[in-house]
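Chemist: Generate the whole structure from the sequences, applying the supplied hints.
These are the residues of each chain, in order.
There are 2 protein chains.
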Amino acid sequence: MRFGINFFPTLGPSDRSAAQYYDESLRLTELADELGFDHVKTVEHYFFRYGGYSPDPVTFLAAAAARTRRLRLVTGAAIPAFTHPVKLAAKLAMLDNISRGRLDVGFGRAFLPDEFEAFQVPLDESRDRFDENVEAIRRLWTEQDLVWEGRFHRFGPVTLLPRPYQRPHPPILVATAFTPESGERAGRNGYGVLLVPSISSREHVQEMLRVYRAGRAEGGHDPQGGQVHMSYTLSVAEDGDRAREAGRRQIEHYTASLVEAVESWGRARSSAYAGYERLAEKVRKADYRQQLAENKVLAGTPEEVAAQLAEVREWFGDVTVSLQVNSGTATYREAEQSLRLFAEHVLPRLGAAGSPVGS
Amino acid sequence: MRFGINFFPTLGPSDRSAAQYYDESLRLTELADELGFDHVKTVEHYFFRYGGYSPDPVTFLAAAAARTRRLRLVTGAAIPAFTHPVKLAAKLAMLDNISRGRLDVGFGRAFLPDEFEAFQVPLDESRDRFDENVEAIRRLWTEQDLVWEGRFHRFGPVTLLPRPYQRPHPPILVATAFTPESGERAGRNGYGVLLVPSISSREHVQEMLRVYRAGRAEGGHDPQGGQVHMSYTLSVAEDGDRAREAGRRQIEHYTASLVEAVESWGRARSSAYAGYERLAEKVRKADYRQQLAENKVLAGTPEEVAAQLAEVREWFGDVTVSLQVNSGTATYREAEQSLRLFAEHVLPRLGAAGSPVGS
Numbered sequence: 001m002r003f004g005i006n007f008f009p010t011l012g013p014s015d016r017s018a019a020q021y022y023d024e025s026l027r028l029t030e031l032a033d034e035l036g037f038d039h040v041k042t043v044e045h046y047f048f049r050y051g052g053y054s055p056d057p058v059t060f061l062a063a064a065a066a067r068t069r070r071l072r073l074v075t076g077a078a079i080p081a082f083t084h085p086v087k088l089a090a091k092l093a094m095l096d097n098i099s100r101g102r103l104d105v106g107f108g109r110a111f112l113p114d115e116f117e118a119f120q121v122p123l124d125e126s127r128d129r130f131d132e133n134v135e136a137i138r139r140l141w142t143e144q145d146l147v148w149e150g151r152f153h154r155f156g157p158v159t160l161l162p163r164p165y166q167r168p169h170p171p172i173l174v175a176t177a178f179t180p181e182s183g184e185r186a187g188r189n190g191y192g193v194l195l196v197p198s199i200s201s202r203e204h205v206q207e208m209l210r211v212y213r214a215g216r217a218e219g220g221h222d223p224q225g226g227q228v229h230m231s232y233t234l235s236v237a238e239d240g241d242r243a244r245e246a247g248r249r250q251i252e253h254y255t256a257s258l259v260e261a262v263e264s265w266g267r268a269r270s271s272a273y274a275g276y277e278r279l280a281e282k283v284r285k286a287d288y289r290q291q292l293a294e295n296k297v298l299a300g301t302p303e304e305v306a307a308q309l310a311e312v313r314e315w316f317g318d319v320t321v322s323l324q325v326n327s328g329t330a331t332y333r334e335a336e337q338s339l340r341l342f343a344e345h346v347l348p349r350l351g352a353a354g355s356p357v358g359s
Numbered sequence: 001m002r003f004g005i006n007f008f009p010t011l012g013p014s015d016r017s018a019a020q021y022y023d024e025s026l027r028l029t030e031l032a033d034e035l036g037f038d039h040v041k042t043v044e045h046y047f048f049r050y051g052g053y054s055p056d057p058v059t060f061l062a063a064a065a066a067r068t069r070r071l072r073l074v075t076g077a078a079i080p081a082f083t084h085p086v087k088l089a090a091k092l093a094m095l096d097n098i099s100r101g102r103l104d105v106g107f108g109r110a111f112l113p114d115e116f117e118a119f120q121v122p123l124d125e126s127r128d129r130f131d132e133n134v135e136a137i138r139r140l141w142t143e144q145d146l147v148w149e150g151r152f153h154r155f156g157p158v159t160l161l162p163r164p165y166q167r168p169h170p171p172i173l174v175a176t177a178f179t180p181e182s183g184e185r186a187g188r189n190g191y192g193v194l195l196v197p198s199i200s201s202r203e204h205v206q207e208m209l210r211v212y213r214a215g216r217a218e219g220g221h222d223p224q225g226g227q228v229h230m231s232y233t234l235s236v237a238e239d240g241d242r243a244r245e246a247g248r249r250q251i252e253h254y255t256a257s258l259v260e261a262v263e264s265w266g267r268a269r270s271s272a273y274a275g276y277e278r279l280a281e282k283v284r285k286a287d288y289r290q291q292l293a294e295n296k297v298l299a300g301t302p303e304e305v306a307a308q309l310a311e312v313r314e315w316f317g318d319v320t321v322s323l324q325v326n327s328g329t330a331t332y333r334e335a336e337q338s339l340r341l342f343a344e345h346v347l348p349r350l351g352a353a354g355s356p357v358g359s
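From first to last, the protein sequence lines are chains A and B. Letter by letter, the first sequence follows residues 1 to 359 of the working numbering. Letter by letter, the second sequence follows residues 1 to 359 of the working numbering.
Worth double-checking, as some hints may not be accurate.
[As the list claims (entries may be wrong)] From the derived model, a few chain A residues whose C-beta atoms are all more than 12 angstroms from chain B:
| id | residue |
| --- | --- |
| 1 | E30 |
| 2 | F48 |
| 3 | G52 |
[As the list claims (entries may be wrong)] Which chain A residues face chain B? A few, computed with CB under 7 angstroms, are given here:
| id | residue |
| --- | --- |
| 4 | P55 |
| 5 | D56 |
| 6 | A62 |
| 7 | A63 |
| 8 | V86 |
| 9 | P157 |
| 10 | V158 |
| 11 | P223 |
[To be verified] According to the in silico footprint, chain A covers these stretches of chain B (three or more CB under 8 angstroms from chain A):
| id | segment |
| --- | --- |
| 12 | 65 to 76 |
| 13 | 89 to 100 |
| 14 | 107 to 118 |
Hint data in this document are derived by calculation from the structure and do not stem from the laboratory. Just so it is clear, the structure is predicted and the values come from calculations on it, not from any experiment. No residue lacks a Cβ here, since even glycine has one placed at the ideal position from N, Cα and C.
Modeler: Set out below in structure tokens:
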């Protein structure tokens with residue numbers, strides 16, 4: 001297993017200023033680099049407390065790159081439908097060079113109707129735009145004098161500058177929350193996947209993994225290879241009850257912000273997003289004790305969290321885990337403590353179950 | 001006068017790797033911060049050696065923000081026509097917060113037909129798109145629940161996150177290379193201007209300044225206020241001939257890359273860009289001795305460069321000057337030497353003519 005940190009802010013100006021949020025997140029990023037964690041990841045969302053402090057993951061990760069030496073930088077996920085492929089390919093290539101090859105690119109389809117409306121992108125085109133733009137970006141990275149004649153974009157012959165640092169291109173991961181076909185397709189293309197175990201049953205995640213590995217085999221890739229990323233809210237303290245209470249506040253804050261953001265699914269419908277209209281209802285009735293028991297949040301003493309992770313590993317294998325310590329309600333001190341305790345006391349307890357962070 | 005540095009790369013992979021270019025530029029940025037310079041600025045261009053290593057100024061400036069404490073960060077210029085206003089407003093607001101209010105936003109219309117073609121934006125719509133998008137961005141920064149019903153974009157009600165750090169919003173500057181009306185309009189709106197004295201006669205720059213100040217007065221702003229930015233290639237050495245030779249190589253490299261990039265004006269025509277089709281011819285016949293004599297490039301001993309700047313100040317007033325030391329042919333050592341000599345030996349010679357850098 002590898003462990004990194006994930007920044008998924010669920011904040012608005014009345015919770016914490018954006019300047020304070022970035023400052024604390026960059027300090028935690030430096031700390032994670034020092035402690036030997038594997039990566040730093042952040043999201044792309046707009047307008048709402050749910051991710052809205054992170055509308056451009058590349059901007060945050062460029063600052064993170066300048067303050068770290070070893071951490072990999074992960075977009076989790078950048079949304080190709082909302083940025084022209086030339087622009088997105090180019091700025092990711094800049095980040096890949098600025099960081100000397102430390103970039104992993106997660107791409108997502110997005111799912112909030114209000115975001116699609118603002119960018120005037122029809123929800124029903126989401127999958128086609130995703131496929132076209134990811135492929136255009138991959139080819140901009142790898143080909144000279146590219147001529148692109150797609151349904152949504154036409155350009156060329158052009159040669160993208162700068163060329164990516166990593167050859168043939170930075171590793172690509174695809175966010176696949178619910179839809180097995182997305183996982184299967186990611187596997188066939190040899191891409192990694194970003195899964196969201198906190199909003200799916202263990203069985204569903206296992207099914208996604210099975211389909212993903214089958215896709216890899218079908219595409220001629222090692223079925224056991226490929227990066228599999230999962231994000232978890234983390235709260236560790238020597239006092240387990242305190243850690244769980246802090247974890248509860250984090251989760252409730254996250255849930256409230258998600259409910260706020262998915263409210264527009266009450267009026268939007270799209271065959272490309274079957275079932276999303278029930279998302280608000282689904283997250284609203286989540287029970288914290290049950291989430292803890294099902295390892296959808298990691299909270300407790302170092303020993304308890306290590307036991308949770310041993311189980312996660314049994315279920316899903318040697319995945320890459322991104323820890324959320326700074327989403328909304330945790331103070332900087334709590335977030336720092338969680339990271340330090342994790343590095344110093346959780347990992348050693350994982351023993352054979354977990355390789356050292358960053359290895 | 002204030003002095004900063006400008007990064008306008010004229011490089012491709014056969015000249016210098018992108019990773020090396022960013023690394024050297026970020027080291028020079030840190031040095032400029034230490035030496036007390038006022039700002040760091042970079043450009044937005046695509047595909048060609050002419051600026052192509054800088055397709056996203058915000059990505060570079062975010063890394064620069066993380067490695068500096070005092071420098072202001074200037075987009076010189078970001079192109080609103082090539083990025084959705086929600087996206088551009090949001091990432092600029094991120095940078096403003098990450099840097100705790102050190103951002104100045106220069107916006108430009110762009111002028112290379114190949115760039116417009118790639119983004120499928122008609123050249124003839126350039127001015128209307130510029131006006132609409134800059135205004136949309138300004139209102140996204142300053143208003144809640146904004147409803148935007150423009151010709152090119154419709155969205156809202158939305159409230160942008162994050163809110164900018166600077167209130168009401170980061171200072172706006174407008175790139176106005178040739179067209180007096182652009183300068184006049186920038187003045188009326190209370191914006192600053194980015195002028196390009198290297199490709200205009202002194203008289204034309206003076207006319208631009210006159211029109212700009214008249215526009216400010218008309219808009220109810222202090223006519224002598226407003227940021228006026230100008231970029232100059234700089235080459236200083238104790239040996240004046242060596243400095244001039246290095247300056248010549250820089251300028252010739254810059255000219256060659258501009259000729260390459262504007263070649264497409266040979267086939268493109270647009271009433272919105274009258275005269276641009278003769279641009280390649282115009283830059284090709286520039287004479288270095290004349291450019292030096294007309295202070296379009298700053299090169300020589302510290303004493304000689306100080307004399308040039310005293311003249312520039314006489315012509316144009318207390319403008320903000322961005323020095324280009326790292327565009328193409330200069331080695332890192334030469335660029336560093338130019339910056340150090342400038343700070344230590346040029347500025348003191350300016351005496352009453354120049355305030356200390358960064359003041």
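Chemist: Using Cβ atoms and 12 angstroms as the threshold, tell me whether G52/A really stays out of contact range of chain B.
Modeler: violated, 4 angstroms
Chemist: Is the shortest C-beta separation between V86/A and chain B less than 7 angstroms?
Modeler: Hint on V86/A: holds, closest Cβ of chain B at ~5 angstroms, below 7 angstroms.
Chemist: Would the hint on P157/A stand, with a C-beta cut-off of 7 angstroms toward chain B?
Modeler: violated, 10 angstroms
Chemist: Restraint: A62/A near chain B, CB-CB cut 7 angstroms. Satisfied or not?
Modeler: holds, 4 angstroms
Chemist: Restraint: P223/A near chain B, CB-CB cut 7 angstroms. Satisfied or not?
Modeler: violated, 34 angstroms
Chemist: Let's test the interface hint: is any C-beta of chain B closer than 7 angstroms to that of D56/A?
Modeler: Holds. Min distance 4 angstroms.
Chemist: Taking 12 angstroms as the cut and beta carbons as the points, is E30/A off the interface with chain B?
Modeler: violated, 10 angstroms
Chemist: So, as I understand it, the hint says A63/A touches chain B; can you test that by seeing if any CB pair is closer than 7 angstroms?
Modeler: holds, 4 angstroms
Chemist: Going by Cβ atoms only, is V158/A closer than 7 angstroms to chain B?
Modeler: holds, 5 angstroms
Chemist: Over 12 angstroms to the closest beta carbon of chain B is the bar; see if F48/A clears it.
Modeler: violated, 7 angstroms
Chemist: When I compare C-beta atoms, does the segment 107 to 118 of chain B have three or more residues closer than 8 angstroms to chain A?
Modeler: holds (count 3)
Chemist: Does the nearest C-beta of chain B fall within a distance shorter than 7 angstroms of the C-beta of P55/A?
Modeler: holds, 4 angstroms
Hints 1, 2, 3, 9 and 11, counting from the list given before, are not met by this structure.
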